[in-house]
Amino acid sequence: MTLFEYLHYIILPVLVVSAVLILWRFIKGPSIADKIVSLDLLITTGIGVIAVYSIIYDQSTLMDTALILALIAFLSTVALSYYLEKRKRK
Amino acid sequence: MIDIVIGILATFGALFVLFAAIGVVRMPDTYLRISVTTKAATLGVGLVLMSTTVYFSNTDVTSQAFVIILFLFLTAPVSAHLIGRASYFIGVKLWDKSVMDDLRGKYQKNTHVLKSIVDDTPEDNVDHTKMKDK
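So the sequences go chain by chain: A and B.
Numbering-wise, the first sequence is residues 1 to 90 according to UniProt numbering.
Numbering-wise, the second sequence is residues 1 to 134 according to UniProt numbering.
Don't take every hint at face value.
Label-pair ranges, simulated between beta-carbon atoms [to be verified]:
id, chain 1, residue 1, chain 2, residue 2, range
1, A, TYR6, B, VAL113, 53 to 59 Å
2, A, ILE68, B, ASP96, 48 to 54 Å
3, A, ILE10, B, TRP95, 32 to 38 Å
4, A, LEU23, B, LYS109, 30 to 36 Å
5, A, GLU5, B, LYS39, 26 to 32 Å
6, B, LEU70, A, VAL20, 28 to 34 Å
7, B, SER63, A, ILE72, 19 to 25 Å
If you're looking for bench data, these hints aren't it; they were derived computationally from the structure.
Backbone N, C-alpha and C fix where the C-beta goes; we use that ideal spot for every residue, glycine too.
Okay, chain A solo, but in the shape it has when bound (with noise of 0.2 Å):
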């Protein structure tokens, strides 16, 4: 077993596994502050999945990408539990 079908078969299925239980948790989520933490993950999760095709299909400039999407990640939860905290009714 090379390197590349470990990682085609084995690591990515388990990422893939993990996003669809974040989903769900992002669609059942019983407040919003839930929904938030649960979006952040996913972002993070993709984080990890640029990195995997990176190495599979050997093209490095992908981590541009996962740069972008870990600043996105941060500026999204920051923005969104701003506004959560100056919302006035519950």
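Chain B: place on chain A using the hints.
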């Protein structure tokens, strides 16, 4: 040999991300979910990015991966604190088996001031009675 190192790093990274996902599904409370998100997922993605570093073994990719890891490690506690504070203010309930709430009566709802003594004016406090259903 280098393939084994990449495989081990990617395996541990994917396992930590999976543990974080299971924790997000299984944890009973918003605050416990925030705790899981901050630690396990950040470590897992950091390990996967380390495996990328070992695979390319190149100065550009290495510096870029370390920038991403540093950024994740810096921003995960900040965003977790912000969302935890916001969810405390909007009155997200605690788990009914939670032992204590250190902030009870100390955050003021209208002024958003943290006091160091318990101030129980009823219209100025966030309601944090614990979850009664299940």
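Results of checking the hints against the structure:
1. A/TYR6 <-> B/VAL113: 53 to 59 Å: holds (54 Å)
2. A/ILE68 <-> B/ASP96: 48 to 54 Å: About 41 Å separates the Cβ atoms of A/ILE68 and B/ASP96, which means 48 to 54 Å is violated.
3. A/ILE10 <-> B/TRP95: 32 to 38 Å: Given about 35 Å between the Cβ atoms, the range holds.
4. A/LEU23 <-> B/LYS109: 30 to 36 Å: holds (33 Å)
5. A/GLU5 <-> B/LYS39: 26 to 32 Å: Once the Cβ atoms are compared, 31 Å apart, the range 26 to 32 Å for B/LYS39 and A/GLU5 holds.
6. B/LEU70 <-> A/VAL20: 28 to 34 Å: holds (29 Å)
7. B/SER63 <-> A/ILE72: 19 to 25 Å: holds (21 Å)
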